[in-house]
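Protein sequence lines, in the order shown, are assigned to chains A and B.
One point on numbering: in our numbering, the residue at position 308 of the first sequence is 308, and numbering is uninterrupted.
One point on numbering: in our numbering, the residue at position 161 of the second sequence is 161, and numbering is uninterrupted.
No lab work stands behind these hints, which were simulated from the structure alone.
Because the structure is a prediction, the values reported are computed rather than measured.
You may find that some hints are simply not true.
[Unchecked claim] Listed next, with one range per pair, are the computed distances between beta-carbon atoms: (1) P95(B) with P114(A): 33 to 43 Å; (2) A42(A) with L322(B): 11 to 21 Å; (3) L278(A) with R325(B): 57 to 67 Å; (4) A200(B) with P114(A): 35 to 45 Å; (5) V70(B) with D222(A): 54 to 64 Å.
Idealized CB from N, CA, C, for every residue including glycine.
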Amino acid sequence: MSLEAFASSRSLSLGVELELQIVNTRDYDLTPGASDLLRVLAGKEVPGDIKPEITDSMVEISTDVCTGHDEALTQLVGLRDALVDAARQLNIGICGGGTHPFQHWPERRISDSPRFHQLSELYAYLSKQFTIFGQHVHIGCPGADDALWLLHALSRYVPHFIALSASSPFVQGEDTGFHSARLNSVFAFPLSGRAPFVLSWSAFETYFDSMTRTGVVDSMKDFYWDIRPKPEYGTIEIRVMDTPLTVAKAAAMAAYIQALAAWLLDTRPFAPREEDYLVYTFNRFQACRFGFDGVYVDPESMAHRTIGDDILLTLTRIAPWAERLGADAACRELLRDVAGRGNDAAWSRAYRNEDALLPELVRQHCLTWARSTHADPSPV
Amino acid sequence: MPGFLPDWPITLPALMWLAMALILAGLSGELAHRVFRLPRITGYILTGLLGSVLGLGERTALSQSSLRPVIDLALAFLLFDLGTRVNLRWLRHNPALALNSLLESLIGATVVALLLMALGLDTSAALIVAALSMATSPAIVVRVVTEMRATGQVTERLQTLAALNSLYAIITVKLASAGLALIEGGPSALAWLGPIYLLAGSILVALLLARTITTLNRRTDLREDNGLLLLLGSLLFALALAEVLKLSPLLVPLLAGMSLSLSSDRSRAWPAHFGLAGSVLAALLFVASGLSIAPAALLTAGIAAVVLIAGRLLGKLLPTLLLARKSGLSYRQALALGLALTPMSGIAFVLAADFMSDFPESGGRVGEIALASLCILEIVGPIVLQRMLVWTGEAQSTAERSGGQP
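Just chain A, same shape as in the assembly (with noise of 0.2 Å):
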């Protein structure tokens, strides 16, 4: 199969998805409940779209194509209200989070597809352990070329949009230490990581062909990366985040995305390069570990400094785009977020300290999504 061409796409447009757990309400571990949420949701009007996922146990939400924060939101609250009323009235609970906390793998079923039997007799234990959620965000580009130009722009901020979205400190029982242990699980996956750095869609397209050739991979489909082109939509996807606790946070990420992508494409502050790459591991993996406590190393000036130092620094810089975009109510949220109320994983780590039982963590992050309010993206 050769790559498709490159979909015209409003520039700055944004599009969400959401991967979210479905839990029991009993003990709280995960139960398979996609399909009868489908059904019960069937022929009722909801904005967006909702997909089954690899396992029963995980439904993906996904908003119609945005133009902005307040829109974005809006769908997001739509799409969750439909689901939380199904759910309730199927005795089934849907949180947010990048890890179900304590779930044991060997429990979990592949959705009843081909693809997605495909994939797990390709993965074997890989597709049921890591069970994982995460956000996806789609920023349209003008262009192929500007797409693979913001792509390598945008992954210096990497790190930023893995502090500030992550929420799966726990996995399998244990306290990992991480604030994003997610992302470890994406990691195992042969063609994870960054895009191979080309900046024209022509050179692109003859990476692709070489690696089809190879036989390794036939679509877009089959790589993993961190930010993917997605030329059906014409759109590049940003897959690093958690899925966070609410849809407001899920919104503000959006947002701050897509001021950074104004910023960027208007200004084009520094040229990316190959060079960039040397820190991008080192960088991600102090977000994961650390969330804003870890280290940044800037690419250009190899000066270090904190993660959450260095989000500050570009929300000031983005503050007119974001204005602009109507995305600085958000974007202050996520500032408070930094300046001391901490990402979805510190939420839970100190609620967990409070009462120790994971499923009643995972009861409070049910909560949570169903009632959090459309201006805090913080857990309540």
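Once you've looked at the hints, dock chain B against the given chain A.
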């Protein structure tokens, strides 16, 4: 003969019979599981049935009376467990499910009563058998679901419907017995007070038990090994209290479990050692219920039993299928749920026994039909249940679980 040698002929002590029963049950459970891919409890029940055929039930320490405290505790543990799995708030959010619960019991019982009367059974006996037949075995449901680690809509609804129909059955049988006493024993206003005392008293003790467990849970860590002692002790105490006060040993644990789950939204994950204790107790319960199977009853009441089973199945399937879409199930799931409600046991037997002691004349026939139905359903029920959970994908079959590579 010197006194230090064993007496002759050797009489086997109770402990020996118990040991043999446990070993045989363990082996046949494993055989059922590995070779025949059946639920382990089918192995336990068949072990008991073997004992029953050999006539061990009456002659040995395995008789109902000597195992009684263990069986009562086992049943109470399972009823309590089932109670905690029921989320009554769900019925408010899904009225179709509440309706399903009422109708599957009501239609099932009506069909059974009408069919049995058509077969010539007198009205009062037919009504009692119909009431008994409402209950889906809590013991079989809890054990098969736990053993298969089943999870999903059919599993959740099965547990809810089983808890509720057991509740309906217990209450209806007690009310019907009082009604019968009133008719047969002449005008005695006191007969009505019986079921009211039983219900009110059982609810009170159940609430007390739930309260005790909540308090214990708050003050101590029930997840420690020590917690099992406290939980089983409280449960036994409540059962003993129920016996002293002549209350229902079935209602008390079931209602206590339900009240516990209703009183708090908190997650309820029983620690693994509760499951371990539960499974040993349950194994004994199933051996004992196998022992109480009397295949001879099939000769006298076989036809009535088959009619009862068919009518009961129809009554449970029909409303479940009709309300499927409304309550959020696919037809496949609804069919599986209707069939999974098949198992009938423990409770029906206890209720039949109570009834037989209250009404020796009409009770005889009721007991025969109940025993004959149990003969069939004790064997068939768990297997149907297991197959349905696999069919809907809510549990994996033994082959998949043990890593059957292609």
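So, going through the hints one by one against the coordinates:
1. P95(B) and P114(A) have their C-beta atoms about 38 Å apart, which keeps the hinted 33 to 43 Å range intact.
2. Distance hint check: the CB atoms of A42(A) and L322(B) are about 19 Å apart, consistent with the given range 11 to 21 Å.
3. Checked against the hint of 57 to 67 Å, the C-beta distance between L278(A) and R325(B) comes to roughly 58 Å, which is consistent with it.
4. Restraint check, A200(B) to P114(A): a C-beta distance of roughly 59 Å breaks the suggested window 35 to 45 Å.
5. Between V70(B) and D222(A) the beta carbon distance is about 58 Å. The supplied range of 54 to 64 Å therefore holds.
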